[in-house]
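Asks: This is what each chain is made of:
Protein chains: 2
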Amino acid sequence: MMTEILVKDLFSDRHFAEDEQVVLHGWVKTVRGSKRVGFIELNDGSCLKHAQIVMKSDLENYAEMTKLPLSSTIKVVGTVVYTPDAKQPFEVHAEEVVLEGASDSDYPLQKKKHSYEYLRTMAHLRPRTNTFYAVFKIRSLTAFAVHQYLQENDFTYVNTPIITSSDSEGAGEMFRVTTLDMNNLPKTDDGKVDDSQDFFKKETNLTVSGQLPVEAFALALRNVYTFGPTFRAENSHTARHASEFWMIEPEMAFADLQDVINESESLLKHVVKYLLAHAKDELEFLNNAVDDDLLNRLHQTIDEKFAQITYTQAIEELEKAPVKFDVPVYWGLDLQAEHERYLCEQVYKRPTFLTDYPREIKAFYMRDNDDGKTVAAADLLVPRIGELIGGSQREERQAEMAKKIKDNHLPQEEYQWYLDLRKYGETKHSGYGIGFERLLMYVTGMENIRDVIPYPRTPGNAEF
Amino acid sequence: MMTEILVKDLFSDRHFAEDEQVVLHGWVKTVRGSKRVGFIELNDGSCLKHAQIVMKSDLENYAEMTKLPLSSTIKVVGTVVYTPDAKQPFEVHAEEVVLEGASDSDYPLQKKKHSYEYLRTMAHLRPRTNTFYAVFKIRSLTAFAVHQYLQENDFTYVNTPIITSSDSEGAGEMFRVTTLDMNNLPKTDDGKVDDSQDFFKKETNLTVSGQLPVEAFALALRNVYTFGPTFRAENSHTARHASEFWMIEPEMAFADLQDVINESESLLKHVVKYLLAHAKDELEFLNNAVDDDLLNRLHQTIDEKFAQITYTQAIEELEKAPVKFDVPVYWGLDLQAEHERYLCEQVYKRPTFLTDYPREIKAFYMRDNDDGKTVAAADLLVPRIGELIGGSQREERQAEMAKKIKDNHLPQEEYQWYLDLRKYGETKHSGYGIGFERLLMYVTGMENIRDVIPYPRTPGNAEF
Numbered sequence: 004m005m006t007e008i009l010v011k012d013l014f015s016d017r018h019f020a021e022d023e024q025v026v027l028h029g030w031v032k033t034v035r036g037s038k039r040v041g042f043i044e045l046n047d048g049s050c051l052k053h054a055q056i057v058m059k060s061d062l063e064n065y066a067e068m069t070k071l072p073l074s075s076t077i078k079v080v081g082t083v084v085y086t087p088d089a090k091q092p093f094e095v096h097a098e099e100v101v102l103e104g105a106s107d108s109d110y111p112l113q114k115k116k117h118s119y120e121y122l123r124t125m126a127h128l129r130p131r132t133n134t135f136y137a138v139f140k141i142r143s144l145t146a147f148a149v150h151q152y153l154q155e156n157d158f159t160y161v162n163t164p165i166i167t168s169s170d171s172e173g174a175g176e177m178f179r180v181t182t183l184d185m186n187n188l189p190k191t192d193d194g195k196v197d198d199s200q201d202f203f204k205k206e207t208n209l210t211v212s213g214q215l216p217v218e219a220f221a222l223a224l225r226n227v228y229t230f231g232p233t234f235r236a237e238n239s240h241t242a243r244h245a246s247e248f249w250m251i252e253p254e255m256a257f258a259d260l261q262d263v264i265n266e267s268e269s270l271l272k273h274v275v276k277y278l279l280a281h282a283k284d285e286l287e288f289l290n291n292a293v294d295d296d297l298l299n300r301l302h303q304t305i306d307e308k309f310a311q312i313t314y315t316q317a318i319e320e321l322e323k324a325p326v327k328f329d330v331p332v333y334w335g336l337d338l339q340a341e342h343e344r345y346l347c348e349q350v351y352k353r354p355t356f357l358t359d360y361p362r363e364i365k366a367f368y369m370r371d372n373d374d375g376k377t378v379a380a381a382d383l384l385v386p387r388i389g390e391l392i393g394g395s396q397r398e399e400r401q402a403e404m405a406k407k408i409k410d411n412h413l414p415q416e417e418y419q420w421y422l423d424l425r426k427y428g429e430t431k432h433s434g435y436g437i438g439f440e441r442l443l444m445y446v447t448g449m450e451n452i453r454d455v456i457p458y459p460r461t462p463g464n465a466e467f
Numbered sequence: 004m005m006t007e008i009l010v011k012d013l014f015s016d017r018h019f020a021e022d023e024q025v026v027l028h029g030w031v032k033t034v035r036g037s038k039r040v041g042f043i044e045l046n047d048g049s050c051l052k053h054a055q056i057v058m059k060s061d062l063e064n065y066a067e068m069t070k071l072p073l074s075s076t077i078k079v080v081g082t083v084v085y086t087p088d089a090k091q092p093f094e095v096h097a098e099e100v101v102l103e104g105a106s107d108s109d110y111p112l113q114k115k116k117h118s119y120e121y122l123r124t125m126a127h128l129r130p131r132t133n134t135f136y137a138v139f140k141i142r143s144l145t146a147f148a149v150h151q152y153l154q155e156n157d158f159t160y161v162n163t164p165i166i167t168s169s170d171s172e173g174a175g176e177m178f179r180v181t182t183l184d185m186n187n188l189p190k191t192d193d194g195k196v197d198d199s200q201d202f203f204k205k206e207t208n209l210t211v212s213g214q215l216p217v218e219a220f221a222l223a224l225r226n227v228y229t230f231g232p233t234f235r236a237e238n239s240h241t242a243r244h245a246s247e248f249w250m251i252e253p254e255m256a257f258a259d260l261q262d263v264i265n266e267s268e269s270l271l272k273h274v275v276k277y278l279l280a281h282a283k284d285e286l287e288f289l290n291n292a293v294d295d296d297l298l299n300r301l302h303q304t305i306d307e308k309f310a311q312i313t314y315t316q317a318i319e320e321l322e323k324a325p326v327k328f329d330v331p332v333y334w335g336l337d338l339q340a341e342h343e344r345y346l347c348e349q350v351y352k353r354p355t356f357l358t359d360y361p362r363e364i365k366a367f368y369m370r371d372n373d374d375g376k377t378v379a380a381a382d383l384l385v386p387r388i389g390e391l392i393g394g395s396q397r398e399e400r401q402a403e404m405a406k407k408i409k410d411n412h413l414p415q416e417e418y419q420w421y422l423d424l425r426k427y428g429e430t431k432h433s434g435y436g437i438g439f440e441r442l443l444m445y446v447t448g449m450e451n452i453r454d455v456i457p458y459p460r461t462p463g464n465a466e467f
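Quick note, the sequences are listed as chains A and B, same order.
Taking my numbering, I'd label the letters of the first sequence as residues 4 to 467.
Taking my numbering, I'd label the letters of the second sequence as residues 4 to 467.
Hint data in this document are derived by calculation from the structure and do not stem from the laboratory.
Predicted, not measured: the structure shown is a model, and the values here were computed from it.
Worth double-checking, as some hints may not be accurate.
No distinction is drawn between identical chains; accordingly, a pair holds when it is met within one copy or between any pair of copies.
The list that follows gives simulated cross-link-like pairs (lysine-lysine, DSSO-like), each with its CA atoms no further than 27 Å apart [said to hold, decoys possible]:
1. Lys11 to Lys195
2. Lys195 to Lys352
3. Lys195 to Lys426
4. Lys11 to Lys376
5. Lys323 to Lys409
6. Lys11 to Lys407
7. Lys376 to Lys323
8. Lys308 to Lys409
9. Lys190 to Lys90
10. Lys38 to Lys78
11. Lys11 to Lys352
12. Lys204 to Lys190
13. Lys59 to Lys195
14. Lys190 to Lys205
15. Lys276 to Lys323
16. Lys116 to Lys426
17. Lys323 to Lys365
18. Lys431 to Lys32
19. Lys426 to Lys32
Please work from the sequences and hints to get the whole structure.
Replies: Encoded structure:
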């Protein structure tokens with residue numbers, strides 16, 4: 004009896020009989036051998052943990068197998084031996100070890116710990132380390148938890164376009180998309196580039212947000228969301244900014260600002276609960292290796308109701324703070340990470356919603372409050388990160404939206420379709436956006452956005 | 004007792020008491036009224052079906068409410084009255100109807116049926132039609148079914164990059180991504196554009212496939228997949244091609260071509276079963292309105308094992324076919340849709356895998372078969388569409404891959420990382436790609452790819 008199994012099967016409830024021959028395929032993580040006995044830690048990608056393979060010196064190829072370069076691919080045939088009193092509760096006693104693909108001896112991920120900077124230069128190999136295995140497993144589980152929560156709550160997933168001809172609504176600098184021959188550009192009579200000869204017969208760019216296009220779907224399918232890549236062509240070199248990142252943007256018809264607050268808190272708590280249930284090994288590993296407050300923070304996130312204050316109350320808190328901020332505080336200030344973190348880390352000690360921001364520092368599409376000064380916006384501030392979620396009730400009144408488009412000097416013709424959404428039935432609606440990588444930094448403890456993205460893109464970096 | 008409810012609650016098992024006041028918000032789909040009684044069909048986005056609202060002429064605003072423009076937003080307060088003998092099993096008897104947002108009388112989606120071409124000019128309004136409501140609901144459910152199947156089978160979701168500096172491996176024309184000022188391009192000494200001054204310090208393009216970058220993750224996390232947007236800058240104007248579309252690309256370590264065939268069949272069947280269970284109303288609607296063979300085709304997809312033949316057998320079938328093809332058949336031909344559809348529609352009458360294609364017509368990364376002529380590739384052909392899935396066992400042997408890179412004149416330095424994946428442990432691995440929109444055409448019956456994409460991008464078209 005010979006059974007092909009995975010390493011994760013060994014760590015499951017499944018029991019293996021003494022005479023049951025098992026076959027494993029995987030990669031050599033560590034290897035050591037003495038004259039009489041050798042050990043290989045084998046990983047096969049099925050879980051973070053390794054299987055302990057024990058080789059006796061009577062193996063035909065024993066000498067070779069105890070000197071295998073790390074990351075070699077092998078096949079092991081053996082039996083499972085339970086060792087309840089040892090450090091690891093079982094071993095696989097090898098009857099046969101077959102080399103399937105020898106790794107080169109210059110394999111760059113030898114056992115010693117490497118810096119994250121160094122590992123970024125080998126994005127194609129770093130998932131073979133325990134840390135990045137854990138991070139990218141959590142990335143996947145987090146994405147699924149988001150889809151699962153939203154689908155179970157009747158949200159329809161909408162893929163808004165990546166290539167867009169609309170401008171960025173002030174959200175940031177954009178990347179141009181073109182098929183024009185840069186070395187032989189067609190020109191108009193006045194010597195400018197003739198965009199009408201480009202692929203889409205006009206200038207097009209990479210999207211900075213799916214919100215406006217997804218609003219059209221909320222006004223037909225009620226609860227909708229986008230979850231896709233967005234882009235910023237900004238020359239930022241901080242640990243929190245990337246040129247390409249994913250956004251989750253739910254949008255709800257017949258919903259107001261309080262619905263945004265309740266829904267986004269509920270989504271975030273679902274995600275954390277899902278990870279605590281499905282990424283136990285990975286979170287424990289990261290709690291030990293990366294951020295020893297991680298598990299504590301995640302449990303706090305689900306245990307307590309989030310705080311909720313107005314922007315105006317937040318300014319009052321900041322003004323009486325016994326600390327000196329780099330950027331001085333006044334009503335109307337666009338809060339910086341230092342202010343946001345002070346509020347949620349020092350004052351409220353948990354995720355904190357700020358609502359009703361000054362209209363001047365928020366996007367044109369947010370609904371005016373009756374005070375004439377603020378808009379129906381809500382940002383969620385979380386410890387270590389600062390702003391994680393930004394939401395608002397949208398201005399649904401046709402006349403007010405037309406005025407906003409005019410006041411913000413947006414091209415009226417381009418926004419006619421957005422006005423149409425009001426023209427054909429003004430409908431209260433609201434939504435929010437979550438930076439997916441910010442969320443990942445929160446749930447992994449990683450401090451640099453480059454370390455939660457498989458192949459990060461930042462100014463000057465688009466390798467692989 | 005006043006309860007805020009959704010239209011879908013009315014169609015659920017929930018029972019409403021005679022004296023239970025319900026509140027609904029939604030959009031007017033149809034309205035008609037006589038002197039004594041009026042009817043509104045109300046949709047609130049929660050399901051495809053509408054609620055029948057009955058108004059009596061003693062309503063204060065009866066005259067106004069029976070003349071509402073279509074797509075107006077209203078609030079209804081009333082009671083549910085069961086009418087087991089009538090066409091619809093219940094009505095909502097309105098005690099109050101409040102106009103929340105009047106639609107303009109020039110609302111373009113009046114009751115008569117519009118052509119899909121016309122509706123494409125208003126991508127922001129067409130989800131308000133029954134057909135596109137159904138299509139985009141199915142799009143969302145299909146995406147989720149894919150994620151669910153892969154996650155339940157321990158596949159890790161990997162977001163491969165959209166902006167890439169690698170070339171397209173011959174997969175097609177690419178879009179350039181740039182922040183250079185097109186009207187003032189920096190030049191090198193020889194008068195060419197100085198790409199080193201671009202945002203990423205080199206030329207970058209939009210990805211045509213996530214396969215190569217995701218292979219690196221399969222060789223660490225075993226079973227992985229991408230699911231994201233891909234791009235082709237080709238001047239195609241067919242009903243099957245778009246410039247921006249989504250691809251699902253699973254990749255499996257320690258897996259061979261037969262695993263690809265088994266896995267992809269299993270995924271496809273899961274998706275169809277999920278839709279039959281979760282999109283019953285939408286599929287029945289499309290079966291009536293769009294394609295009366297749809298439900299039949301979906302049931303066949305899950306009931307029968309798919310056929311499997313070699314490319315060479317397929318050529319033999321085609322050579323003895325009693326029909327004349329536009330493109331003549333010979334061994335070595337890159338099959339066209341007419342051949343593919345003949346095989347799966349006329350000969351095998353079900354989804355059909357073709358394996359072991361001539362190496363000349365397939366991508367460089369596929370594993371050579373021992374015959375020296377063919378590669379370990381498998382395409383799935385399905386009725387109405389032709390090729391839906393393309394997969395292969397990858398060439399895992401370092402020496403063979405180095406030779407393929409050279410023979411295909413690929414820039415060796417750029418592909419060093421891809422060779423590294425072999426250098427540090429040759430590992431058998433395989434994967435496949437599904438065009439998400441092709442899959443949607445298969446499961447909705449829509450015949451034009453533009454009608455399964457929220458905001459389609461094709462040559463000359465990037466509106467909204």
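Asks: Please go over all the hints and tell whether each is borne out by the structure.
Replies: Hint check results:
Taking CA atoms no more than 27 Å apart as the test, Lys11 paired with Lys195 passes in neither setting, with 61 Å inside one copy and 55 Å between copies. Taking CA atoms no more than 27 Å apart as the test, Lys195 paired with Lys352 passes in neither setting, with 55 Å inside one copy and 56 Å between copies. Neither within a single protomer nor between protomers do Lys195 and Lys426 lie at most 27 Å apart by alpha-carbon distance, with minima of 37 Å and 49 Å respectively. In this assembly of identical chains, the alpha carbons of Lys11 and Lys376 never lie at most 27 Å apart, being 57 Å within a copy and 39 Å across copies at closest.
For the identical chains of this complex, Lys323 and Lys409 are neighbours neither inside a copy (39 Å) nor across copies (68 Å), given an alpha-carbon limit of 27 Å. Taking identical chains as interchangeable, the C-alpha atoms of Lys11 and Lys407 are never at most 27 Å apart, the minima being 57 Å within one chain and 35 Å between chains. Taking identical chains as interchangeable, the C-alpha atoms of Lys376 and Lys323 lie at most 27 Å apart only when both belong to the same chain, with a minimum of 23 Å there against 78 Å between chains. Taking CA atoms no more than 27 Å apart as the test, Lys308 paired with Lys409 passes in neither setting, with 40 Å inside one copy and 60 Å between copies.
When the C-alpha separation of Lys190 and Lys90 is checked against a cutoff of 27 Å, the pair qualifies neither within a copy, at 73 Å, nor between copies, at 64 Å. With identical chains, the CA atoms of Lys38 and Lys78 are at most 27 Å apart within one copy only, with a shortest distance of 22 Å there and 83 Å across copies. Proximity of Lys11 and Lys352 under a CA criterion of 27 Å is satisfied in neither setting, with 38 Å inside one chain copy and 40 Å between copies. When the C-alpha separation of Lys204 and Lys190 is checked against a cutoff of 27 Å, the pair qualifies both within a copy, at 13 Å, and between copies, at 25 Å.
In this assembly of identical chains, the alpha carbons of Lys59 and Lys195 never lie at most 27 Å apart, being 76 Å within a copy and 64 Å across copies at closest. Taking CA atoms no more than 27 Å apart as the test, Lys190 paired with Lys205 passes in both settings, with 13 Å inside one copy and 24 Å between copies. In the homo-oligomer, the alpha carbons of Lys276 and Lys323 never lie at most 27 Å apart, since the shortest distance is 36 Å inside one protomer and 60 Å across protomers. For the identical chains of this complex, Lys116 and Lys426 are inter-copy neighbours only, at 22 Å across copies versus 60 Å inside a copy, given an alpha-carbon limit of 27 Å.
Only within a single protomer do Lys323 and Lys365 lie at most 27 Å apart by alpha-carbon distance; the minimum there is 25 Å, versus 69 Å between protomers. Taking the shortest alpha-carbon separations for Lys431 and Lys32, only the inter-copy value of 18 Å comes in at or below 27 Å, while the best intra-copy value is 56 Å. Only between protomers do Lys426 and Lys32 lie at most 27 Å apart by alpha-carbon distance; the minimum there is 16 Å, versus 63 Å within a single protomer.
The structure does not agree with the numbered hints 1, 2, 3, 4, 5, 6, 8, 9, 11, 13, 15 stated previously, though it agrees with the rest.
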